[in-house]
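From first to last, the protein sequence lines are chains A and B. With the first letter of the first sequence counted as 1, position 259 gets the number 260 in my numbering; the numbers rise by one all the way through. With the first letter of the second sequence counted as 1, position 242 gets the number 439 in my numbering; the numbers rise by one all the way through.
Read the hints as simulated data drawn from the structure, not as lab findings. Careful, some of the hints might be misleading.
To be verified - DSSO-like cross-link-like pairs, simulated, lysine-lysine; straight-line CA separation at most 30 Å:
1. B:385 / A:182
2. B:269 / A:182
3. A:173 / B:269
Here are the chains, one letter per residue:
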Amino acid sequence: MPLFLRFYLERERAILGTITVVFFLCFWEGLTRGWWADLLGPVLGSAAARWRISPIFLSSPTAIARTAIRLFSAGEIWNDLRVSGLEFLLGFVLAIAVGIPAGLAAGWYRRFCFAIEPFLSALNATPRVALLPLIIIWVGIGIWSKVLIVFLGAVVPLCLNALAGVRTTDAKLLRVARSFKAAEGRLFLTIILPSAVPFILTGLRLGVGRAMVGVVVGELYAATAGVGFMITVAGASFQTDKVFVGVVIIALAGVLMIEALARLERRFETWRPKVGAAT
Amino acid sequence: MPVKLEAQRICLEYYQPRTGRRLLALDDIDLAIMDGEFVSIVGPSGCGKTTFLNVVDGLLPATSGRILLDGKVVTEPGQDRAMVFQDASLLPWRTVLGNVLYGLECQGIGTRPARQRAQHFIEMVGLQGFEHHYPYELSGGMQQRANLARALVMDPQVLLMDEPFAALDAQTREVMQEELLQIWRQAKKTVLFITHQINEAIYLSDRVIVFTTRPGRVKQSVTIDIERPRKLAVKRDPRFLQLEDFVWNLIEDEVRKTMLADRSSRGSAEVGPPDSGV
Chain A
2 MPLFLRFYLE RERAILGTIT VVFFLCFWEG LTRGWWADLL GPVLGSAAAR WRISPIFLSS
62 PTAIARTAIR LFSAGEIWND LRVSGLEFLL GFVLAIAVGI PAGLAAGWYR RFCFAIEPFL
122 SALNATPRVA LLPLIIIWVG IGIWSKVLIV FLGAVVPLCL NALAGVRTTD AKLLRVARSF
182 KAAEGRLFLT IILPSAVPFI LTGLRLGVGR AMVGVVVGEL YAATAGVGFM ITVAGASFQT
242 DKVFVGVVII ALAGVLMIEA LARLERRFET WRPKVGAAT
Chain B
198 MPVKLEAQRI CLEYYQPRTG RRLLALDDID LAIMDGEFVS IVGPSGCGKT TFLNVVDGLL
258 PATSGRILLD GKVVTEPGQD RAMVFQDASL LPWRTVLGNV LYGLECQGIG TRPARQRAQH
318 FIEMVGLQGF EHHYPYELSG GMQQRANLAR ALVMDPQVLL MDEPFAALDA QTREVMQEEL
378 LQIWRQAKKT VLFITHQINE AIYLSDRVIV FTTRPGRVKQ SVTIDIERPR KLAVKRDPRF
438 LQLEDFVWNL IEDEVRKTML ADRSSRGSAE VGPPDSGV
């Protein structure tokens with residue numbers, strides 16, 4: 002096999018991904034800079050003007066990058082990042098602390114499940130952001146309204162998945178533990194919890210998504226600082242570059258967290274056979 | 198030889214919520230097993246063999262009757278009995294060593310002595326070198342070896358084995374049978390072994406108990422007077438074949454009854470209790 006071909010095949014995933022992203026960015030840059038309009042002019046005539054789009058309308062990768070550098074070096078964005086991060090962290094940690102134990106307990110104790118089920122179903126069916134006006138009346142427009150909405154968003158998938166994890170525990174393994182006279186606590190730690198781990202991780206992944214929505218929508222609705230707030234203000238004053246900087250930050254944060262969770266998952270899954278198509 | 202394990206008039210009734218009926222699974226089972234004896238129970242599928250084993254282990258409460266071990270009544274699982282489960286039922290997130298250690302951990306035995314003991318039994322069942330493998334990395338036969346080591350490491354007086362080789366291919370099963378006899382001789386345990394394979398029961402046992410179809414009852418106890426140690430070749434011995442024939446005749450009636458019962462109850466949507474219901 003030729004050397005360059007082997008080089009390509011070994012890194013196919015990274016190379017293909019990079020190429021499509023670079024093409025996309027070039028296409029976008031070209032739209033605001035009028036590359037495509039100039040290129041198509043001889044063919045399409047006046048209709049080619051459609052391929053030139055105002056930077057205020059669409060912005061462009063380089064403009065976004067310039068704005069990002071300016072925002073980060075001037076330091077005005079750090080406060081927004083700190084506020085949004087804090088809201089996310091507090092809300093999500095709170096959701097983990099409440100949702101996972103509650104879900105595990107509901108999976109194990111039937112009566113507890115019956116008791117909390119109505120709330121869980123109602124909360125699951127309602128878009129949590131519908132509660133924003135109430136939450137703002139109750140706790141104001143400071144960070145706590147966002148912490149609460151993040152909590153409400155993430156707690157449901159965390160709880161439901163932990164519950165499902167307990168429910169799907171293999172009855173045969175429980176029988177083994179009972180046969181060895183495992184105490185209730187040990188049975189929980191050695192059989193139930195390990196079986197529930199994949200479900201809990203799924204819950205965390207879904208929870209991250211819901212929590213991100215909570216932070217951004219909460220800040221769009223009412224806030225005094227934060228990345229979502231920055232986006233609203235920038236959007237209202239036609240600073241499309243700045244809006245995109247906010248969007249990119251949110252997207253990056255989401256991707257990073259999902260990637261971190263995937264790492265965590267791989268750590269927990271060493272005992273599981275690998276499944277999947279060969280290529 | 199003193200009686201080690203005794204079942205006295207064991208009855209077990211199931212309540213079926215779906216049909217609202219009570220179903221008799223075990224009917225008046227009397228059984229005495231001597232110290233160091235290897236006893237197998239055979240019977241048509243669904244006759245309650247596994248259910249009976251669960252009662253002996255203490256996982257299922259009998260509706261009436263009692264289980265005595267060394268003359269003392271037992272009602273719940275204990276260190277004196279250990280179960281070798283049907284499908285290996287190893288904890289998939291633990292290595293072979295971790296699985297073998299599991300029972301000892303449940304008894305609160307310290308890590309260092311537990312590890313030495315575990316290592317001894319892992320070697321006894323021929324799994325040395327696989328201590329740190331996860332169950333999915335093992336073949337079916339190796340998983341059953343680990344399952345056996347997990348029970349042996351508890352140093353029980355009675356080993357309860359629930360069709361442990363049923364899921365294995367024929368060759369592996371034969372080899373495992375021979376090895377089980379060697380281990381039994383070394384470890385000097387009383388064994389109660391459940392199987393649906395007649396020649397497995399005869400090859401392994403001092404005595405074969407034939408169960409009737411549901412409700413499970415002791416139909417006959419057949420003493421296997423083939424001298425030990427037994428080689429696998431003994432299975433082709435005329436005496437062995439005669440015994441096999443004899444036991445098969447006892448079971449054949451029962452199997453036919455089961456099939457007839459199944460046919461007549463089809464449509465009335467009656468389904469028996471799961472063989473391994475806990």
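Here is how each hint holds up against the structure:
no.	hint	in the structure
1	B:385 / A:182	holds (23 Å)
2	B:269 / A:182	holds (18 Å)
3	A:173 / B:269	holds (28 Å)
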